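Chains G and V, in that order, give the protein sequences.
Reading the first sequence from the start, the letters are residues 288 to 673 in our numbering.
Reading the second sequence from the start, the letters are residues 3 to 313 in our numbering.
Simulated from the structure, these hints should not be mistaken for laboratory data.
Take these hints with a grain of salt, some might be off.
[As the list claims (entries may be wrong)] Think about it this way: if two alpha-carbon atoms lie no more than 35 angstroms apart in a straight line, the pair counts; the simulated DSBU-like pairs of lysine-lysine are:
1. G:Lys340 - G:Lys475
2. V:Lys16 - G:Lys492
3. G:Lys475 - G:Lys492
4. G:Lys668 - G:Lys597
5. V:Lys170 - G:Lys342
6. V:Lys170 - V:Lys206
7. V:Lys206 - G:Lys492
8. G:Lys485 - G:Lys340
9. V:Lys15 - G:Lys492
10. G:Lys475 - G:Lys668
11. V:Lys277 - V:Lys222
12. V:Lys277 - V:Lys170
13. V:Lys16 - V:Lys206
14. V:Lys277 - V:Lys206
15. V:Lys15 - V:Lys206
16. G:Lys340 - V:Lys206
17. G:Lys475 - G:Lys342
18. V:Lys15 - G:Lys342
19. G:Lys475 - G:Lys485
20. G:Lys485 - V:Lys206
21. G:Lys342 - G:Lys492
[Said to hold, decoys possible] Derived list of chain V stretches under chain G, where covered just means 3 residues or more per stretch with a C-beta under 8 angstroms from a C-beta of chain G:
22. 62 to 68
23. 72 to 86
24. 110 to 123
[What the hints assert, rightly or not] Computed footprint of chain V on chain G, listed as stretches where at least three residues anywhere in the stretch have a Cβ under 8 angstroms from a Cβ of chain V:
25. 334 to 344
26. 357 to 366
27. 478 to 492
28. 496 to 510
These numbers come from a predicted model, not from an experiment.
From the three backbone atoms N, C-alpha and C, an ideal C-beta is built for every residue, glycine too.
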Amino acid sequence: MSVELISANHAAALGATLAGRANRTARGFCSGVYPITPTTECMEYLCGQEIEKGKVVRVDSEHSAMGVCIGASSAGARSFTATSSNGLAYMLENCVAAASYRLPIVMAVSNRTLGPPWNIWADHGDSLLLRDLGWLQFYCADNQEVFDTVLCAFKLAEDPRVLMPAISCMDGFILSHTMAQVEIPGQKLVDRFLPTTKVPHRLNKSAHTLGQLEIPQQAVAHRTQHHQAMLAAVQVYAEIQDSFEEIFGRRVADPVVAYHADDADTLIVSMGTIGTTAERVVDQLREQGQRVGSIRVRMFRPMPENDLRKYFAGTKRIAVLDRNISLGYGGVLWGEIRGFSDPDAIVQGYMVGVAGGDVRREHIINLLTDLQQCKTESAPKIVEVA
Amino acid sequence: MNEPALHGMAQTKKDRSAPVLRPGNTNCGGCGMSNLLQMLSRAAEDSDIKIVIPACCAAITTGVFPESSISVPTILTTFAAGASVATGVASVAQLNNEETRVICLAGDGGTYDIGMGTLSAAAERNEDILYICYDNEIYGNTGGQRSSATPTGASTTTTLGGKSEVKKDIMGIMAAHHIPYAASISLAHADDTLRKLRFALNVKGFRFLHVLAPCPTGWKSEPAVSIELVRLAVRSGLFPIFEVFDGDHYTINIEPDFSSEALLMYLSLQRRFRKSGVTEEAIRPNIERYWHQLRAMSGRIMPAIRNIKAD
Ligand SMILES: Cc1ncc(C[n+]2csc(CCOP(=O)(O)OP(=O)(O)O)c2C)c(N)n1
Ligand code: SF4
Ligand SMILES: [Mg+2]
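Isolated chain G (complex conformation):
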């Protein structure tokens, strides 16, 4: 175990490198990569690593990057890529395919606003494009979490009960380019944590065809299996947390990270780094005697519904902070979780920090003041932050 001062981009790449090496005794590691701000340093770092039985293919586009990952994973190798924003949009067609083939590919996403107009700053709209495709999704709040989540994502994605691709997201620049101390386990420990990759349906000796035509009944059967495997991933993740703790001596973060939530009458719900700011707001307001808590949704797919229901029970006011807009509807997180609260609770949606706005404590405090004054829930509000 060593402690290194690295950016979250590098933490993700280091996680992938260690995971890649851990598969050297099996079918190896192969990855297709393509640069885009703010994820570029992740793929550059990966290109600089020596990985035994590993190959990083510098391709011509994100579409091809995911294409290489699909080919590699369908041949039984461990596979990883990283992208952002328009790169993810360009890759999308192959992301659909990767999920339907049920290939355990892991991707790091440094969240960035989709363009044009070009904007390089954080917004979750890019990774949310994958929301309904059958990818596991995690949103991280610090560099250590990014590293840990990449390792756990491989273990979760490759678990035979789950077997599907996963993304680990970090807010562009806010995390991707921030240096922080990260505990890095040695290769031996990672080898213990991550068993070698087994893709049971890989292209091997038998003459089966992947990705064939299906009739509707078959497609429904496959979707049902995929959906159920996704739901089962919540429990599998809990097992992975235990194994992580046993091997690395510390616990990887929960699907839902609660902060002073148990006795709170008001909750701030968010994803990614806004959650850390929300926790500092909770500290500040608690000092003034207010019963405020924070809920950070770290696992977004599968949606940890039971955990959220547990935390929401008895809470009368909930502010949902979305760093995204589903145009014509509101924030995506708000739309998904408002049904989990008590029927008489006010669940107010705020879209804040959209397209890279810097969300600071005072902004969140203002939103809470707004929430306290609400008599009833109103349409989700877009909040500009200066």
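With the hints as your guide, set chain V with the ligands onto chain G.
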């Protein structure tokens, strides 16, 4: 082996023990892609092959899950991803020191058009892939729209009066990548075809094969004359048969007679050329221009030996 037999029905001891294309598949009668796969069965024998097929007719050929008409481990990919997925499969085979030959089987749409960038990049990286383009000169899967491989004068569902542009020079493009091997293949010349398939299967690095693949459905031709159409295309000089080593060493394999008879027969046996009424005079300059260049590239002033005997 004169005419390749369809659907594995004429299986011989020389062939792969299970034909690549199984009997009972749903390809149209007279489909050039079927012939190609039969030839591949013989050329590949029982070597370890894996096939990558982007969206195209060949993806439909495999049939409905869970049965498959292709007897080889196969992955069907998105339309533009043939060469990138094949890169992943081939890379992992290489990492594991396997003798697997990864074959990407793609239509002209997936090669000349939507997959061009992916293909070019894989060729530039010299990935260990055998890329075979079966060129039926249309988007067959979606009902026969124009592609950049559609020849001048051919009607498609999107060029009703006949296409006015000239077919893209895919061999020139691939040769310009200086890949180890690029060759055009005539389904009417089995010996030359088998030699090239065998050679291409065994060379390391990126190999490209261009196959004129008759499509009775789209060409509005009789299934029974498919092979004859290829012969006419070769004879007339419309479809030059040559190979390029490392992008600079050109060999012309079959010398056409450039006869009007062959060209007119080729055009008249397909209803796709009827609407435009495209004439020999309109097509001839393109043939001549191409052959002029080809002769220059192959370093031959004199016509090549006729029907060179392979192997
Ligand atoms: C991104 C995308 N666009 C369009 C299609 C629809 N599509 C499927 S196959 C095809 C044409 C294939 O043409 P070609 O590659 O020449 O193969 P053929 O069908 O002629 O064998 C098209 C347009 C698709 N599958 N994916
Ligand atoms: S449409 Fe043409 S290419 Fe497609 S299967 Fe039929 S004959 Fe073959
Ligand atoms: Mg075609």
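Now the hints, each set against the structure:
1. For the hint pairing Lys340 of chain G with Lys475 of chain G, the CA-to-CA distance comes to about 17 angstroms; that is within 35 angstroms, so the pair holds.
2. At most 35 angstroms may separate the alpha-carbon atoms for a hinted pair to count; Lys16 of chain V and Lys492 of chain G meet this at roughly 21 angstroms.
3. Taking the CA atoms of Lys475 of chain G and Lys492 of chain G, the gap is near 32 angstroms; set against the 35 angstroms cutoff, the hint holds.
4. Using a Cα cut-off of 35 angstroms, the hinted pair Lys668 of chain G and Lys597 of chain G holds, with the two alpha carbons roughly 26 angstroms apart.
5. For the hint pairing Lys170 of chain V with Lys342 of chain G, the CA-to-CA distance comes to about 34 angstroms; that is within 35 angstroms, so the pair holds.
6. Between Lys170 of chain V and Lys206 of chain V, the direct Cα distance comes to roughly 27 angstroms. Compliance with the 35 angstroms bound is thereby established for this hinted pair.
7. The hinted pair formed by Lys206 of chain V and Lys492 of chain G meets the criterion: a straight-line CA distance of about 22 angstroms does not exceed 35 angstroms.
8. In summary, the hint linking Lys485 of chain G to Lys340 of chain G is supported, as the alpha carbons are separated by about 16 angstroms, within the 35 angstroms threshold.
9. With a C-alpha separation of about 21 angstroms, the suggested pairing of Lys15 of chain V with Lys492 of chain G holds against the 35 angstroms cut-off.
10. With a C-alpha separation of about 50 angstroms, the suggested pair Lys475 of chain G and Lys668 of chain G falls outside the 35 angstroms cut-off, and the hint is violated.
11. Restraint check: the Cα-Cα separation between Lys277 of chain V and Lys222 of chain V comes to about 12 angstroms, which is no more than 35 angstroms; the hinted pair holds.
12. With a CA separation close to 22 angstroms, the supplied pair Lys277 of chain V and Lys170 of chain V stays within the 35 angstroms bound.
13. Note on Lys16 of chain V and Lys206 of chain V: the hinted pairing holds, with a Cα-Cα distance of about 24 angstroms set against a maximum of 35 angstroms.
14. The suggested pairing of Lys277 of chain V with Lys206 of chain V is violated, with an alpha-carbon distance near 45 angstroms, which exceeds 35 angstroms.
15. Simply put, Lys15 of chain V and Lys206 of chain V have alpha-carbon atoms about 27 angstroms apart, close enough for the 35 angstroms limit, and the pair holds.
16. For the proposed pair Lys340 of chain G and Lys206 of chain V, the alpha carbon gap of about 19 angstroms is at most 35 angstroms, so the pair holds.
17. Of the pairs offered as hints, the one joining Lys475 of chain G and Lys342 of chain G holds, with about 21 angstroms between alpha carbons and a cut-off of 35 angstroms not exceeded.
18. A hinted pair counts as satisfied when its Cα atoms are at most 35 angstroms apart, and Lys15 of chain V with Lys342 of chain G does not qualify at roughly 39 angstroms.
19. Using a Cα cut-off of 35 angstroms, the hinted pair Lys475 of chain G and Lys485 of chain G holds, with the two alpha carbons roughly 19 angstroms apart.
20. Pair hint Lys485 of chain G plus Lys206 of chain V holds up; C-alpha atoms about 28 angstroms apart against a cutoff of 35 angstroms.
21. Our distance criterion of 35 angstroms between C-alpha atoms is met by Lys342 of chain G and Lys492 of chain G, whose separation comes to about 23 angstroms.
22. Here the region 62 to 68 of chain V counts 6 residues with a CB under 8 angstroms from a CB of chain G, which clears the bar of 3, and the coverage holds.
23. Check on the region 72 to 86 of chain V: 13 of its residues sit with their Cβ under 8 angstroms from a Cβ of chain G, so the three-residue criterion for coverage holds.
24. Check result for the region 110 to 123 of chain V against chain G: holds, 4 residues qualifying (beta carbon to beta carbon below 8 angstroms, three or more required).
25. Under the rule that three or more residues need a Cβ within less than 8 angstroms of chain V, the assignment of the region 334 to 344 of chain G holds, with 4 such residues.
26. Interface restraint, the region 357 to 366 of chain G with chain V: holds (9 residues with C-beta to C-beta distance below 8 angstroms; minimum three).
27. Check on the region 478 to 492 of chain G: 3 of its residues sit with their Cβ under 8 angstroms from a Cβ of chain V, so the three-residue criterion for coverage holds.
28. Coverage of the region 496 to 510 of chain G by chain V holds. Counting CB-CB distances below 8 angstroms, 8 residues qualify, and the rule asks for three or more.
Hints 10, 14, 18, counting from the list given before, are not met by this structure.
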